[in-house]
Amino acid sequence: MAFVNLKKKEVQAKIVYYGPGRGGKTSNLEFIYNRIRHKMQNEMVTIKTHGDRTLFFDFLPLNIGTIKGYSIRTQLYTVPGQVKYNATRRLVLRGVDGIVFVADSMAVRREKNISSLKNLEENLIAYQKDLYKIPIVMQYNKRDLGKKGVPLLSFAEMEKDLNSKLKAPSFGASAMTGHDVVATLKKAIQITMISLKRTLM
Amino acid sequence: MSYILEQKQLDEIEQILDENLIDLGVHSVMLIDMAGNIVVDRNSGNSGPDIYSLAALAAGNYGAMNAMANIVGEDEFSLLFHKGEKANIHFSKVLSDYLLVTIFGKEVSLGFLRLKVAEVITKIGDLLPAQ
Ligand SMILES: Nc1nc2c(ncn2[C@@H]2O[C@H](COP(=O)(O)OP(=O)(O)OP(=O)(O)O)[C@@H](O)[C@H]2O)c(=O)[nH]1
Ligand SMILES: [Mg+2]
Numbered sequence: 005m006a007f008v009n010l011k012k013k014e015v016q017a018k019i020v021y022y023g024p025g026r027g028g029k030t031s032n033l034e035f036i037y038n039r040i041r042h043k044m045q046n047e048m049v050t051i052k053t054h055g056d057r058t059l060f061f062d063f064l065p066l067n068i069g070t071i072k073g074y075s076i077r078t079q080l081y082t083v084p085g086q087v088k089y090n091a092t093r094r095l096v097l098r099g100v101d102g103i104v105f106v107a108d109s110m111a112v113r114r115e116k117n118i119s120s121l122k123n124l125e126e127n128l129i130a131y132q133k134d135l136y137k138i139p140i141v142m143q144y145n146k147r148d149l150g151k152k153g154v155p156l157l158s159f160a161e162m163e164k165d166l167n168s169k170l171k172a173p174s175f176g177a178s179a180m181t182g183h184d185v186v187a188t189l190k191k192a193i194q195i196t197m198i199s200l201k202r203t204l205m
Numbered sequence: 049m050s051y052i053l054e055q056k057q058l059d060e061i062e063q064i065l066d067e068n069l070i071d072l073g074v075h076s077v078m079l080i081d082m083a084g085n086i087v088v089d090r091n092s093g094n095s096g097p098d099i100y101s102l103a104a105l106a107a108g109n110y111g112a113m114n115a116m117a118n119i120v121g122e123d124e125f126s127l128l129f130h131k132g133e134k135a136n137i138h139f140s141k142v143l144s145d146y147l148l149v150t151i152f153g154k155e156v157s158l159g160f161l162r163l164k165v166a167e168v169i170t171k172i173g174d175l176l177p178a179q
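First to last, the protein sequences are chains V and H. For the first sequence, the numbering used here begins at 5 and goes up steadily by one. For the second sequence, the numbering used here begins at 49 and goes up steadily by one.
For reference, chain V alone in the conformation it holds in the complex (with noise of 0.2 Å):
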């Protein structure tokens, strides 16, 4: 649930990276950070296994300018992929804004990113909120693998596998290149951001 500060007229909402393990939820999250690091006194948080999973959580605060006089602060969080780690993955998404959904372009992974999206669907009614309602936004991920020979799921397989009744945006996407890391996000804040705008006006 974003916060509207009417005395410093700031908004921050909450932005989660969601999807199945090894997805590239973190990937996105830090080339992000590398991009802007220049300009953020802070460091990214990232609470990791030694094997490099995320265990809880990665956080980036964003200042993104200013919205008709507000200056808007969207907090971007990864979940912990890893089906067992549910428990703290439902804490990440309490109060969240907007979604986006980081699916493995990998033939391999087509069961999981599906298995991911219903656990979403779960994990947000737990929270009275409707998967069909939330702003959304699918990032069909590892695009570049295609190229290196791996097997991929085509784009319009992976919209009817998961996007056909949600009929959310969607991006083929690389964490890796950076391609359309930032038009995913971009679009991700434009739409939380619509959803708020009754509350901005």
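Careful: at least some of the hints might be erroneous.
[As the list claims (entries may be wrong)] If you want a taste of the chain H side facing chain V, the calculated C-beta under 7 Å gives, among others:
| no. | residue |
| --- | --- |
| 1 | E67 |
| 2 | M82 |
| 3 | S101 |
| 4 | A115 |
| 5 | Q179 |
Honestly, the hints are just simulated from the structure, not real lab data. C-beta: ideal position from N, C-alpha, C; glycine also.
Using the hints, position chain H with the ligands against chain V.
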């Protein structure tokens, strides 16, 4: 969905935190919501900590503690406190949706702090919107 606080409410909350905690020697205090957003932060003037990261971690930590309490059959733990060499940190729930995070040093005793925090919570509870 969002919630709004107006200048007047925020001014009042700031004043309550200043008079009851900062003036007593607490290093810094912030009121956050359970999503990790910062509602108000006050400090004694020394360069404060990275408050945005602290808020995110505090909200996560509080959520984890609560989940653990439930697993062992408690509604919640009544004392959430971490002791350090120079700084201690204390968490306290305000209504059901907010958290008061207080950082203080040796000058302030935990007992006294808890008393003051309890007073503050009663006072600011009326000023905050239920979510
Ligand atoms: N080739 C390629 N590799 C990627 C891409 N995105 C992430 N990876 C790799 O995939 C692995 C997992 O990436 P992470 O960003 O840690 O994945 P995650 O979604 O945060 O995983 P969890 O924290 O376990 O949920 C790492 O080795 C990354 O380097 C991509 O777009 N292309
Ligand atoms: Mg991760």
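Consistency of the hints with the structure:
1. A hinted interface residue such as H/E67 counts as satisfied when its beta carbon comes closer than 7 Å to some beta carbon of chain V; here the least separation is about 18 Å, so the hint is violated.
2. Interface restraint check for H/M82: the shortest CB-CB distance to chain V comes to about 5 Å, inside 7 Å, so the restraint holds.
3. Evaluation of the H/S101 hint against chain V yields a held restraint, the C-beta minimum of about 5 Å falling below 7 Å.
4. This hint holds: H/A115 has a C-beta 6 Å from the nearest C-beta of chain V, less than the 7 Å allowed.
5. At its closest, the beta carbon of H/Q179 sits 6 Å from a beta carbon of chain V; the interface hint therefore holds under the 7 Å criterion.
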